[in-house]
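Mind docking chain U on chain Z? Use the hints.
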Amino acid sequence: MAQRAQAAPAATERLGSTDRRDAWWLAPALTALGLTVLGAYSFWAALQNAHYEFGPYLSPLYSPKVVAPWWPLSPALLILIPPVLFRATCYYYRKAYYRAFFLDPPACAVGELHLGKYAGERKFPFVLQNLHRFAFYLAFVWLFFLWHDVWKALWFDGRFGIGLGTLVILASTGTLTLYTFSCHSFRHLAGGGLDCFSCSAAARTRHGLWTKLTVLNGHHMGFAWISFFAVTFADVYVRLLSLGVLHDVRFL
Amino acid sequence: MAEAVLHVYRGDAQGGGLKEYRVPLEEGMVVLDAIHHIQGHQAPDLAVRWNCKAAKCGSCSAEVNGRPKLMCKTRMDAYPAGEPIVVQPMKTFPIVKDLVTDVKWNYEVNKKIPPFTPKQNAEWRWKQEDIDRVQEFRKCIECFLCQDVCHVLRSHRRTDAFAGPRFLVRVAGLEMHPMDAGNRATFLKDEAGIGLCNITKCCTEVCPEDITITDNAIIPLKERVVDEHYDPLRKLFRLFAGKKEP
Numbered sequence: 001m002a003q004r005a006q007a008a009p010a011a012t013e014r015l016g017s018t019d020r021r022d023a024w025w026l027a028p029a030l031t032a033l034g035l036t037v038l039g040a041y042s043f044w045a046a047l048q049n050a051h052y053e054f055g056p057y058l059s060p061l062y063s064p065k066v067v068a069p070w071w072p073l074s075p076a077l078l079i080l081i082p083p084v085l086f087r088a089t090c091y092y093y094r095k096a097y098y099r100a101f102f103l104d105p106p107a108c109a110v111g112e113l114h115l116g117k118y119a120g121e122r123k124f125p126f127v128l129q130n131l132h133r134f135a136f137y138l139a140f141v142w143l144f145f146l147w148h149d150v151w152k153a154l155w156f157d158g159r160f161g162i163g164l165g166t167l168v169i170l171a172s173t174g175t176l177t178l179y180t181f182s183c184h185s186f187r188h189l190a191g192g193g194l195d196c197f198s199c200s201a202a203a204r205t206r207h208g209l210w211t212k213l214t215v216l217n218g219h220h221m222g223f224a225w226i227s228f229f230a231v232t233f234a235d236v237y238v239r240l241l242s243l244g245v246l247h248d249v250r251f252l
Numbered sequence: 253m254a255e256a257v258l259h260v261y262r263g264d265a266q267g268g269g270l271k272e273y274r275v276p277l278e279e280g281m282v283v284l285d286a287i288h289h290i291q292g293h294q295a296p297d298l299a300v301r302w303n304c305k306a307a308k309c310g311s312c313s314a315e316v317n318g319r320p321k322l323m324c325k326t327r328m329d330a331y332p333a334g335e336p337i338v339v340q341p342m343k344t345f346p347i348v349k350d351l352v353t354d355v356k357w358n359y360e361v362n363k364k365i366p367p368f369t370p371k372q373n374a375e376w377r378w379k380q381e382d383i384d385r386v387q388e389f390r391k392c393i394e395c396f397l398c399q400d401v402c403h404v405l406r407s408h409r410r411t412d413a414f415a416g417p418r419f420l421v422r423v424a425g426l427e428m429h430p431m432d433a434g435n436r437a438t439f440l441k442d443e444a445g446i447g448l449c450n451i452t453k454c455c456t457e458v459c460p461e462d463i464t465i466t467d468n469a470i471i472p473l474k475e476r477v478v479d480e481h482y483d484p485l486r487k488l489f490r491l492f493a494g495k496k497e498p
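Residue numbers (the working numbering), protein chains in the order written: chain Z, 1 to 252; chain U, 253 to 498.
Don't read these hints as lab results, they were simulated from the structure. Backbone N, C-alpha and C define an ideal beta-carbon position, used for all residues, glycine too. Treat the hints loosely; a few may be bogus.
As the list claims (entries may be wrong) - Pair by pair, the computed Cβ-Cβ distance ranges are: (1) U:Leu488 x Z:Leu113: 36 to 44 Å; (2) U:Ala333 x Z:Phe101: 32 to 40 Å; (3) U:Val257 x Z:Ser198: 50 to 58 Å; (4) U:Leu485 x Z:Trp147: 23 to 31 Å; (5) U:Gln380 x Z:Trp147: 32 to 40 Å; (6) U:Ala306 x Z:Leu33: 36 to 44 Å.
To be verified - Just so you have them, the derived chain U footprint on chain Z, three or more residues with Cβ under 8 Å: (7) 90 to 103; (8) 119 to 125.
Excised from the complex, chain Z in its bound form (with noise of 0.2 Å):
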């Protein structure tokens, strides 16, 4: 591309330096705060490797159960792996933390951190971004077992039943399918990357489901909160019934 021929009169180059008016610091802080509170408080209860089942409820945080004799930290801290690259990859997580946390920018107009030469996500670590398909991949795999831990919910000492548990559990694993269906790479996989969406059938077939997944695709910040709210509070309800704190609400 051309060179700029001139400079701009007053380009925003120092961190924060803007001509913006409202409360731009606001969304951004927000962020910050909401993934830093919901991130230590996972990784605090990865680490704790104790009070995470109750009855019939497991923790999404320790899903599916392993046993790994060899590895001498937390299971969670396997177990988490793949949900934490798919969040990690995420379109709208790189939106969040880009501007909450790597300050690039801050929010839009606003000055930002200038720490060498941008290079975006075309070098190491971010250019593997690009595998974000494989993060969905594994997501899509964990589901399987997220929902069998909704299943063995539903059933107390052999007996079906419904309590409190089995709707958070529920809620976790809901706002969590709805999020990984939602994933902008599975979109494209489902039928974006089609240039011609009535050419053959299984182009309409596509067609069809990237149409629903696109529904799905606008509310993704949405699901992508909504699902982390969910399983933070699924783990603070199991692990509240563990240590006696609470008893669980029976309605069936």
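Chain U only, in chain Z's frame:
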């Protein structure tokens, strides 16, 4: 009659600053009306580019209170009464005079995009569902507000390596066209610099035509670049199948 106070940038490439003007407020007034009033009554030498005053020509792009806007689509009553409204030229492009900037770099970028390449021996008919997606991109009025707000161009000054959101939208319109046989994945990666976009969605926020630039154009193009250059499974498929997958 109520008055609005405007601080308008006056100057050129050698320098300049904000100058205060007072304009009588009328119902339904937009910022471009106020600028025209200043031009007509107080500063006939005030330079401003405009054409349609209907948010369709994309000429009157500027920054109002620090946000990239079409002046003809920005109502005066959207701002608190009594507070000055600051109107400045787009900061990403070189200034010519006052509110007019030199946007010719964009046209140079446009020339580098591989053009529409019609499919050979294909029936020249297609269905609405094939064209719906592309029609969104055709709404672009080339106001260059997305180019102005994109931090890759605005802050990092990577005009040497990045085409900017407007031209990624144009490439999306070609790439996803049902009758186009071209493949621009390598162009996107190496020349348009799509990897420089870190999808912070400012382009989508400022688009006056409400084109969902990031989600519907840039991210799908990034995925097409992944198909071609980063996905090892696709590469294996191509290696063994000896052709592009359907």
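Tested hints:
| no. | hint | result |
| --- | --- | --- |
| 1 | U:Leu488 x Z:Leu113: 36 to 44 Å | 39 Å, holds |
| 2 | U:Ala333 x Z:Phe101: 32 to 40 Å | 38 Å, holds |
| 3 | U:Val257 x Z:Ser198: 50 to 58 Å | 56 Å, holds |
| 4 | U:Leu485 x Z:Trp147: 23 to 31 Å | 26 Å, holds |
| 5 | U:Gln380 x Z:Trp147: 32 to 40 Å | 37 Å, holds |
| 6 | U:Ala306 x Z:Leu33: 36 to 44 Å | 42 Å, holds |
| 7 | 90 to 103 | holds (count 5) |
| 8 | 119 to 125 | holds (count 4) |
In the structure shown, no violation is registered for any of the earlier numbered hints.
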